[in-house]
Amino acid sequence: MERKIAPKRSDPKKHTKKSQFDNMEVYRQLRTNIEYSSFNKDIQVICVTSSNPAEGKSSVASNLATVAIAKYEKVLLIDCDLRKPVQHKIFKVSNKLGISNLMKEKSEIDLEIGGYFQKFKDNSTDGKLYVLTSGKSVPNPQEMLASERFRELIEKFREMFDYIIIDCPPLNAVADAIPVSSIVDGTLFVVSAMDTDKSEAKNALTMLQRNGANVLGCVLTKVDITSKSYYSYYGNYS
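According to my numbering, the residues represented by the sequence shown are 1 to 238, in order.
Honestly, the hints are just simulated from the structure, not real lab data.
Heads up, a few of these hints could be off.
Stated by the list, open to error - Cross-link-like lysine-lysine pairs, in silico, DSBU-like; alpha carbons within 35 Å at most:
{"no.": "1", "residue 1": "LYS121", "residue 2": "LYS198"}
{"no.": "2", "residue 1": "LYS121", "residue 2": "LYS84"}
{"no.": "3", "residue 1": "LYS41", "residue 2": "LYS156"}
Being a predicted model, the structure only gives us computed values, none of them experimental.
Please work from the sequences and hints to get the whole structure.
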C-alpha cells in the first residue's frame, strides 16, 4: 500500500525562530540549483552531510526527496546514517529492514517484494518516493559504506531510479560520509546559522575536498526568521 508523504516539519509554536525550510518552495529552488550546478554531467546521485549533529541535514535530505518526485518518476532516499538513523522516524515507517540488510541480499532487487523499500505517493504528481531506511545496526558502518558491495548497490540503484539522495552522518563525528561522497555525483554540505562552528565547518569541507568529493555547495539552515533571507545556497568550491 502506498503511503502519503509526510516529511519532517518544524514546531509551529516557535514564532521567533524557525527553519527556512518550512516553505517547500525553497526545496524546489534547491533542487533546481543542484540540477544547474554542473554543466558537464547530470547530477543523479547526491549525498547530504554536515560537520556536526543537529544541523538539519536529515531534514534537508527528506524534504529535497519529497519535492524531487514532482520532476522525477522514481526517487530513492537512503538513510546511510547507520549510527543514528532518523529517516524512519521522519516518515513513520519500520526500520527492521534497510540498507544494511539489503547488503547481504544476493537475489535480484525487487521494489515491490522483500519489504526493503517503503513507497510514498503525492496525489499532486505521478512521481513516487521510495525510502530505504538504515536497517539493522552493524558494528562497522564505515567499512560497510566503503565496501565494493555498497558501490555495486549504488550502481544498481542508478539503473532503477531517476534521482537518489543519501543521508550521511556528520563528518566531525565519524568519517562514514567520506567513502559515500567518493561514489556519488555530488555532495551537499549543510550548515546551521545557529549551531555550526566556522572552524569545524571548514575542517569538514577540507576533509571532503581532500578525498575527492564534488562539493556542490552549502545549504544554510536555522536562519533567524526576522532576517530578510531565509535560504542560502552557495555554489561550487574550488
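Verification of the hints:
| no. | hint | verdict |
| --- | --- | --- |
| 1 | LYS121 - LYS198 | violated (39 Å) |
| 2 | LYS121 - LYS84 | holds (26 Å) |
| 3 | LYS41 - LYS156 | holds (19 Å) |
The structure shown violates just one earlier hint, number 1.
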